[in-house]
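Undergrad: Chain by chain, the residues run as shown.
2 protein chains.
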Amino acid sequence: MYNVAILGFGVVGAGTAEVLSSNRDIIKSRCGEDISITHILDIRDFPGSPFESVITKNADDVFEDPDLDLCIETIGGARIAYEFTKRALSKGISVVTSNKELVSTKGPELLKIAEENSCSYLFEAAVGGGIPIIRPLYRCLAANKVIRICGIVNGTTNYILSSMKDKGISYDEALKQAQANGYAEADPTADVEGIDAQRKLSILSTIAMNGIYVSPDEIETEGISSVSLDDIKYADSIGCQIKLIAYFERIGDRCAAFVKPHFVNRDRMIGNVDDVFNAVMVEGDFVGETLFYGRGAGSLPTASAVAGDVIELAACKKSEFVQPWSVPASSVVVPFDEVKSSYIFWSIGDNSAFNGIDTVKLGDAVIINGITSGHAIELASKASSSVMNYL
Amino acid sequence: MYNVAILGFGVVGAGTAEVLSSNRDIIKSRCGEDISITHILDIRDFPGSPFESVITKNADDVFEDPDLDLCIETIGGARIAYEFTKRALSKGISVVTSNKELVSTKGPELLKIAEENSCSYLFEAAVGGGIPIIRPLYRCLAANKVIRICGIVNGTTNYILSSMKDKGISYDEALKQAQANGYAEADPTADVEGIDAQRKLSILSTIAMNGIYVSPDEIETEGISSVSLDDIKYADSIGCQIKLIAYFERIGDRCAAFVKPHFVNRDRMIGNVDDVFNAVMVEGDFVGETLFYGRGAGSLPTASAVAGDVIELAACKKSEFVQPWSVPASSVVVPFDEVKSSYIFWSIGDNSAFNGIDTVKLGDAVIINGITSGHAIELASKASSSVMNYL
Chain F
1 MYNVAILGFG
11 VVGAGTAEVL
21 SSNRDIIKSR
31 CGEDISITHI
41 LDIRDFPGSP
51 FESVITKNAD
61 DVFEDPDLDL
71 CIETIGGARI
81 AYEFTKRALS
91 KGISVVTSNK
101 ELVSTKGPEL
111 LKIAEENSCS
121 YLFEAAVGGG
131 IPIIRPLYRC
141 LAANKVIRIC
151 GIVNGTTNYI
161 LSSMKDKGIS
171 YDEALKQAQA
181 NGYAEADPTA
191 DVEGIDAQRK
201 LSILSTIAMN
211 GIYVSPDEIE
221 TEGISSVSLD
231 DIKYADSIGC
241 QIKLIAYFER
251 IGDRCAAFVK
261 PHFVNRDRMI
271 GNVDDVFNAV
281 MVEGDFVGET
291 LFYGRGAGSL
301 PTASAVAGDV
311 IELAACKKSE
321 FVQPWSVPAS
331 SVVVPFDEVK
341 SSYIFWSIGD
351 NSAFNGIDTV
361 KLGDAVIING
371 ITSGHAIELA
381 SKASSSVMNY
391 L
Chain H
1 MYNVAILGFG
11 VVGAGTAEVL
21 SSNRDIIKSR
31 CGEDISITHI
41 LDIRDFPGSP
51 FESVITKNAD
61 DVFEDPDLDL
71 CIETIGGARI
81 AYEFTKRALS
91 KGISVVTSNK
101 ELVSTKGPEL
111 LKIAEENSCS
121 YLFEAAVGGG
131 IPIIRPLYRC
141 LAANKVIRIC
151 GIVNGTTNYI
161 LSSMKDKGIS
171 YDEALKQAQA
181 NGYAEADPTA
191 DVEGIDAQRK
201 LSILSTIAMN
211 GIYVSPDEIE
221 TEGISSVSLD
231 DIKYADSIGC
241 QIKLIAYFER
251 IGDRCAAFVK
261 PHFVNRDRMI
271 GNVDDVFNAV
281 MVEGDFVGET
291 LFYGRGAGSL
301 PTASAVAGDV
311 IELAACKKSE
321 FVQPWSVPAS
331 SVVVPFDEVK
341 SSYIFWSIGD
351 NSAFNGIDTV
361 KLGDAVIING
371 ITSGHAIELA
381 SKASSSVMNY
391 L
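In order, the protein sequence lines correspond to chains F and H. First residue of the first sequence? That's 1 in the working numbering, and the numbers climb one at a time after it. First residue of the second sequence? That's 1 in the working numbering, and the numbers climb one at a time after it.
Simulated from the structure, these hints should not be mistaken for lab results. There are no misleading hints in this set.
Which copy is meant is left open, so a pair is good if it fits within one copy or across any two.
Simulated crosslink set (DSS-like; lysine-lysine; CA at most 27 angstroms straight-line): (1) Lys-318 with Lys-106; (2) Lys-361 with Lys-145; (3) Lys-28 with Lys-145; (4) Lys-28 with Lys-91; (5) Lys-106 with Lys-28; (6) Lys-106 with Lys-91.
Construct the complete structure from the given sequences, taking the supplied hints into account.
TA: Written as structure tokens, this is what we have:
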């Protein structure tokens, strides 16, 4: 018997309880252990819940239980979740989480505590919801140097961008509909301004850099709130879609890492990822391009990933794979304005002779169709509405 | 130091040697062990090879070495590879392979020998080349019951079908070009008749059935040699592509498993997988649809997957995850003619009022646009050229 506690009985916590109980037999046959939920910690009451008998408001019930094998942290945020995670790991109790904010901001410290106490801190569900991406990166692709990652890692923004295009509606209208359908929160800032994607890219970049920590603060980030319906229509007219892309690129011993709206050519697999779906393209030096696609959010898909981590630890007791993350003396992220990227430039009407694509860095002059732009491009300030990253 | 031998220094074996040596430092940092190639077994000479000093023709040099930790079997086929694999596993030496023929035909026996001798038999590279698919199925998606798998798992046939469409050429011409470009073998039978896909589907189906063995012999298989350019043009005209699909579907405690050319709607991600690329769509009861995409063949992508398995065993010594496969008393595969599937029916010209899609099983009458077909469909004998599976 492998005893687990769920910390936080919200959307993902409840989903995880459902997955672990519904497929209990399959799971037992796969990992050789019967996984039992012995505690659920939450400050709320859940009268009538099938798990009522194990729900508690007292953290000591959980952490002082000598038979507890593992905690599932689905509280979210970086305050209480941080305290509880430290408390568990310090006692040698492994923790599995879907909490991208906590992993991306406190990953180095928490992984160190796990290592010192011979337990594991796993977070497959923190990026891409149900999509397997963390474990494939750490293991299946372990023989590769990661050259590039392009991810659509936020379902809310992808849903909004897809709605704008499919229904021909404005950003404001699409956001309202997303909120009405439960795909965007009342305060949508973290999603639409790219903060959620920034956290996920911090995690992916750190793994791609072999454990050298890339903090969210180092990731230049722009959301989708200034993307107009005209931008989307123009993209469509040339066989592209606008997508919020979390981009990583290895540059020698350093890397580029930024979150920006991009024109993505529909010839690319990632240009066909619509609605709330997510996808992460990983390019390795030997494997070439791979892509991982699926539901990047939602109770049950995310719970599927959480449960996968739980099953691994039930089978192996301790994961041999999650490297400690080390904070480098100076940032390994090349500043955004020093990174050469592909940009698309366009204007409708008189200046359309200048429409095209060039690979430049901030401040460079741009040459398209033999025409040189008369001014340095000020991408950072988004002075012109007719320039965007291109993929 | 973790000592490995490579059995068979062909395309994949040589690629694996290259991957393990080129990224030796990265690999060491990821698994905590320095992986050293101490033997390469092949009957040929390789004068001037950087690995010349470890190449041997004498199998005893490999199997009698007390310091050997693991064998990489990249011989292919099910004869010598079978003998060597049994010899290694019987001595408690783990084996990693890309050999789909051997895994699909002898998997139950070889996994049992591995279990009895406390070692592992891993085969991530046997399906989908470099694409992570076996490990995600066993682990990341371990909490799910697998409902459905749709795979483009053979690069040669996908290249031929893509060429026919893009260049407007016949099957014979496309096959000739594929052979000239090194994408098809001189005897292309195993690829074009679907035998390679059948073997891979046997492996995927067995894992999806939780270790209940689905033999290649039980998988109804049709290749692409009878797909005409007219078929492809018609598919294109209605927004579809013709793809060779390896299909698995859970039906209660049993399953459907077949390899057939399918019309695939381009609205699906898998309808956009072209050239030599592979993709596998896996639908789980909780995660929903996921898709894994990348290079399904080739020396280095396949070697990347082989090396990923080697790294895992170097880190963990023994995998806790590969279930033994059990041969059921009677087949769990529902006979093809009892399986309800979606089919597309079409004819050009007078009868086009009957063009459409219906979900039926072999022998059923078909009703489209209110019109009932006057005859039972004889799909098995492909009596009509205007019917194909639809996805």
